[in-house]
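> Here is what each chain is made of, one letter per residue.
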Amino acid sequence: MSRRLTGALCALAMIFSLAACGDPALNKKERQQAELPDITLPKVDLRPLLSPKVGGQDREYLGVSYEGSPQEGLEKRNALGEKSGKQPNLVKYFQEWGGDFDIKGAKAIHDAGALPFVDTEPLQEDLDEIIAGKWDYMIRAYAGQVRDSGIPIAYSFGHEFNGWWYRWGYCSKSKGLTGKTGDAIGIACRGDSLKNTPKQYADAWKHVHDEFEKVGATNVIWVWSPNAAKAPDQPALKEFYPGDGYVDWIGVSGYMRFGGKQADATPIDDILLGPGGTFHDLTKELNGFAPTKPILIAETGSDAVKRKPADIKTLFATVLKNHNFIGFVWFDVKKTEDAGNTVNYLINTSPAATAAWNKYAAFQKMGGDPRDLRYDAKAAANGN
Amino acid sequence: MATESTMTEARPEGKKLRANVKPAPYRIPQAPPMGWSPTGSKRREWVSRGMVGTIMFLQAVLTLRLRNSPSVGEVHTLTDYRSTPFIQGNESIYPTIVDALGITGARFFSLLCMLACTAMVYSWSRRLFNERVGLAAAFAFAVIAPTLVVGALATVDAFGLALLALATWLTIESRQGPAWPVFLAAPVAALAVVVNYSALYYLPVVTLLALLVSVRVVAPVMAAARTAPLVLVTIGMAAFTASVTSNQKMPESEDIGTLAEGTFHWLGLITGLALAGAGFYVKRARMGEVPRGYDEEPPGIGWRIMLGVILCLPPILAPVFLTLTPSVAPLWKPPLAYSALFTATMAGVGLVRIVGRHFRFPQWGIMAAVALLSIGMAQSSYEYTLWPNASRLAEVLATQVQPTGKYLASDPETINYYLKDKTKPTQWTPTSAGDPTKALKKMTFDLVVLERPFLSKADEALEAELRDSGTYRILNTVPFRLGWTRGTHEIWIANDVPVK
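Which chain is which? The protein sequence lines are F and G, in order. Reading the first sequence from the start, the letters are residues 1 to 384 in the UniProt record's numbering. Reading the second sequence from the start, the letters are residues 1 to 500 in the UniProt record's numbering.
Calculated directly from the structure, the hints in this document are not laboratory data. Please note: incorrect hints may appear among the correct ones.
[Stated by the list, open to error] Subject to a maximum C-alpha distance of 30 Å in a straight line, what follows is the list of computed DSSO-like cross-link-like pairs (lysine-lysine):
#, chain 1, residue 1, chain 2, residue 2
1, G, K442, F, K206
2, G, K406, F, K53
3, F, K199, F, K104
4, F, K43, G, K42
5, F, K43, G, K283
6, G, K457, F, K53
7, G, K438, F, K238
8, F, K214, G, K457
9, F, K173, F, K43
10, F, K173, F, K214
It should be emphasised that the depicted structure is a prediction, and the values quoted were computed from it without experimental measurement.
Work the whole structure out from these sequences, hints included.
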């Protein structure tokens, strides 16, 4: 009897010792997932950079863009700045989406007095995979590196999404523009890319944006970059737009050609915004759904034609005269396009072009170290 | 070393040794009937006190490892930050202490109170049983989650517990004969209830303990007389509490199922040990390490059953008490320390009995102690993350707020506390007030703070408005932990129309 009682009491104690088993406090797996990483929050107020024309400020971004690494771009920018007498204050570079954020390169650009602008290209990932969260680990790792850099950056995901020449783009059956059909139209008309829809692009953008926010990467200026090309059956741009809350700048992309003839040597009054101009239709459409968003000309250039100095003048005049334009990025590159033709967008293709650039870049409102920008909330509230 | 005399003493008298056997150069001395004294000694007392000190040091370390910013309940204890909620006790006594010490100081005061409780648990368990039980009880009480969490919170619980423990200690002190401690226990118990109304539910336990210990030393009539003040205090304080709380608007407590489940998780192990201890104790008053006659006559079985029931009942009734104890969600578990205060003694008996006489099965005791410690640590860590840490949020906000700004937040009171030098409470509007979406459209607020993903429906509408309007922009997302869930404080700032 005595042994039975002892056994029973010990069993009772053991049963009660299992009491804590269902307690969520003891869930080891969930505990590990909830551990907060030891992060330093970026102390970046983007307001002076977001709106360099309000809050008592009156500046335009004088940007340049290069192929290759950020360091290579920075070296070329420095060389251009030394020759022209004015250092560009925005340096854009391209990067495959999903890799590491080049903290060292971006910081070098920032320390040199320019805003790093990274244009990321999802060359291997499908939009539906991104939306489904398949690549979240990659987004978070990248966003964590962006956050840890502690510097402001401009960021674009899948630029020129409305075009038919990138994997993430939209396949417009644009016979009139390309003269081609089927696969030959462009990469967006091949394989899985055919599934791409404008809504998918907008949703993928939102997904990437939200993951950045979750990680605490709030030091990012989100640049939504449509291309000026317009095919007859292309959906409305608004359908690609993720919403004002997800976009800081609209980074329009287009080159100074007229009627598709880039070799045209005739100066044109307003090659950018005038009737038939590069961004004429695009800005009109943008004004319909995002009238308050600042516009950065995120990629532009003019071929080595006689008209080039005039184009440069038009470009500077466009951003200086129009309040909703906050600057431009010149694609300072000579390259061979897919069709086999060579285009020379280098600024210094002729003494006249160089002189035009040097003259207008010297304007006080153009460029200037972004770190010196000071935003005055009171002035902004009073409409200045 | 055996002396010549002991050798001689041990040699059998009158027995001749055989010629070929030489006597061994030593003799085994006669073993005394007991190798140690069952009664106390100065040295043993100090060794035990040293061990209690070690247990209390461990308790302090385990408590101080809990880190979080002040919870809503703690902030509301401060007179300047008290809004609609209430203090579960007199609104001047404890809040005066917190106002004087600040929240950090008040948390340290809570720790001191809980350390005092541990010391008293040891003291009365030693008086009711022995030092070994006292040490085991003190350990069981010191390492469990309710003790650790209450010791780290600037709330009325710790002070109320310390006063109730003092009343209990005085009651059991009267076991040694004099009546004054049990009489003194009555006003202390009354004060405990005034400080924290939750103490009321445990006054019957103290009263019954008073009756039990008195019955052993005096005649039943005298024992009743000794207990009378505590009976009167219990009745009086019940009436007092009912009158004070009748007009208070109290938050709803959790449902009984949740309370019972939580109590089982938190107090299951210590209650199991206590029930086992009570069973062993009822079966046998002593473990039998000491031959009869070496200590005083043990109490009878009826007395032992009563003591077992009194000390094991509080955790079993705890869910019922908790339904009557409104708490600031989600911190409803810390008041379980009241039940643990009494159950710990019987759990101490359980631990000692499981180990057995002469430490025969130390492995069982070690296993139980490790389980108590590890579960207590895990549960207290979890509980202490059940409200968002606002210190990092405050760091970011401090760089943004202005003396004239207007701000909107899910939990403005905690933020107010942090930014007391930078903003006035009137500058902050809770998201629950009215329909702030209209104000957002007019950009009335300079800054908005939302807690994701713990958004109310109104907060969700707000976030949608913030996102869609484009007139606000996220400045920072500050991560925090809520239990095992990760959340973020979203800080939205007015992004003045960039293009005109």
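> Indicate, hint by hint, whether the structure satisfies it.
Results of checking the hints against the structure:
{"no.": "1", "hint": "K442/G - K206/F", "result": "25 Å, holds"}
{"no.": "2", "hint": "K406/G - K53/F", "result": "25 Å, holds"}
{"no.": "3", "hint": "K199/F - K104/F", "result": "35 Å, violated"}
{"no.": "4", "hint": "K43/F - K42/G", "result": "62 Å, violated"}
{"no.": "5", "hint": "K43/F - K283/G", "result": "68 Å, violated"}
{"no.": "6", "hint": "K457/G - K53/F", "result": "37 Å, violated"}
{"no.": "7", "hint": "K438/G - K238/F", "result": "26 Å, holds"}
{"no.": "8", "hint": "K214/F - K457/G", "result": "20 Å, holds"}
{"no.": "9", "hint": "K173/F - K43/F", "result": "46 Å, violated"}
{"no.": "10", "hint": "K173/F - K214/F", "result": "38 Å, violated"}
Violation of the numbered hints given earlier is confined to hints 3, 4, 5, 6, 9 and 10; the remaining hints are satisfied by the structure.
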